[in-house]
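K.L.:
This is what each chain is made of:
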Amino acid sequence: MHIIENGNVAAALGVLLCRVNVIAAYPITPQTPLTERLSEYVESGEMQAEYIPVESEHSALAVCIAASSAGARTFTATSANGLLYMHEQVQWAAGARLPIVMCVVNRAVGAPWNVWNDQQDSISQRDTGWIQMYCSDHQQIIDAVIKAYWLAEKVSIPIMVCYDGYILSHTYMPFDVPDQEKVDAFLSPFRPDYALNPDQPANLNTVTLPDVRMDVRGELAHGYMEIRYLLQEEMRTSLTVAAEAEKRFADIFGRGGDPYIEPYLCADAQYIAVGLGSLTYQLRVSVDVLRKEGIKVGVMGVRFYRPFPDEALAEALKGKKGVIVFEKALSYGYEGALVSDLKSALYDHLAGTGVMPMVQNIILGIGGRDIRTEDLTQALRAAAKSRVSRQPVWIGLKL
Amino acid sequence: MGTRNYRRKTSHSEHGPGDGGRTGSWRVERPVLNTSLCIPCKRNAEACFMCWLFCPEVVISRTIPPAIDLEYCKGCGICAEECPTKAITMVDEADFTDEDKDKE
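These protein sequence lines are chains A and B, in that order.
Per my numbering, the very first residue in the first sequence carries number 1; after that it's consecutive.
Per my numbering, the very first residue in the second sequence carries number 1; after that it's consecutive.
Hints may contain errors.
[To be verified] Cut-off 30 angstroms, straight-line C-alpha distance, at most; resulting in silico cross-link-like pairs (DSSO-like, lysine-lysine): (1) Lys247(A) x Lys292(A); (2) Lys9(B) x Lys247(A); (3) Lys154(A) x Lys9(B).
The set of hints was computed from the structure by calculation and includes no laboratory data.
Sequences and hints are given; from them, build the entire structure.
P.N.:
Spelled out as structure tokens, the structure:
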């Protein structure tokens, strides 16, 4: 069924269709309307779930961790400082290998206080062991939530579904809401290997020694390092599982594409703009303008940020003259996190091959600074002429 | 030999003696049970068992009399603390001869 709704409702409908058992959340702009909508579904009986209001984001994720350990399919959502406040539990959920899905409605982090959009919040959680997916429109939001549950439960790794605050969360767009029967065909009920059970008591994630140990049955059990290695190994494997998720989804719902990247006019392009989220759709307008001027540019959205699709990106960017990475976040003291990761991937896969593109970084839209399409066009035009700077270039800055 | 084929990928420990490993020789004090004060022993009935309930190493049995597995007992003293009739006392390991220890 096609409807016109905002991005937060798209996410809420995805959660409803996935038959989530436990929702725990604390309100924070611009995420609040998403969990408000979920509380309405639960209150009206439309959704058979426990909605647990809590006093903080730290508790919200703690509730999801406990419920997920007991075998429930769980959901939470947050933004900005709320995400930072749950940071300890974010790491915990990954180490405990719980398939929690959380929407991160991207917003700038304080100080100074700011409620508008950038992506510093989720980017700052890059190294926590969560899978991160980025959405560019409402259809991708609802679809990503559904895919995320399948993937998270398959690989036992939690997933952040990230989408831009206001730009997607509060704007209205038409999108297709899949039929419940199709979602049920795609996503079976959650059946974990172990769920907390009074008849089979266990201590989960208690002090785990540096070295391996004999467990109570006399089997050699992992030390801390083995458990962490397995998280890394299965994060990498989940790239392949994500491709399987995308294919299964396309078979059932009739839409989808490349699981890792979303290219637009990239095949014959000499210069490619790369970014995360809704910005890449805005960049398409600039690409169209520049194509009319005869400049061969394209744009590529990165849909998966962790695990990083290094091979797919290197393959797609091989032989291009230039890659311009647009970011609404940065690793202070160096450059954008995405551009660093991308350069690392290009070095690993293309060093010495003679097909290594030049790479530059543009920082923009920090704290909701208006991103004018004209400025994007100009930045791309300039980058296509010559490499602008080794340092990240800030556009829209009025200093 | 590594843990590649271990059946879990997380830290997961189960109820039973020794999940924290054998104690070895470092225990400072050991619990000693006086059956003339122990409730289940006196009544010859299933009762109390606070020591069994509280032992974090699960080394005390729910039997009459309760048996303490010193192979795994860490000597924490929680059983002695919880015992309502003070039937368990913590005794310095130095008070036991090597012969006593061999009998364990």
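K.L.:
Take the hints in turn and mark each one as holding or not.
P.N.:
Okay, the hints, checked on the actual structure:
1. Lys247(A) x Lys292(A): violated, 35 angstroms
2. Lys9(B) x Lys247(A): holds, 27 angstroms
3. Lys154(A) x Lys9(B): holds, 13 angstroms
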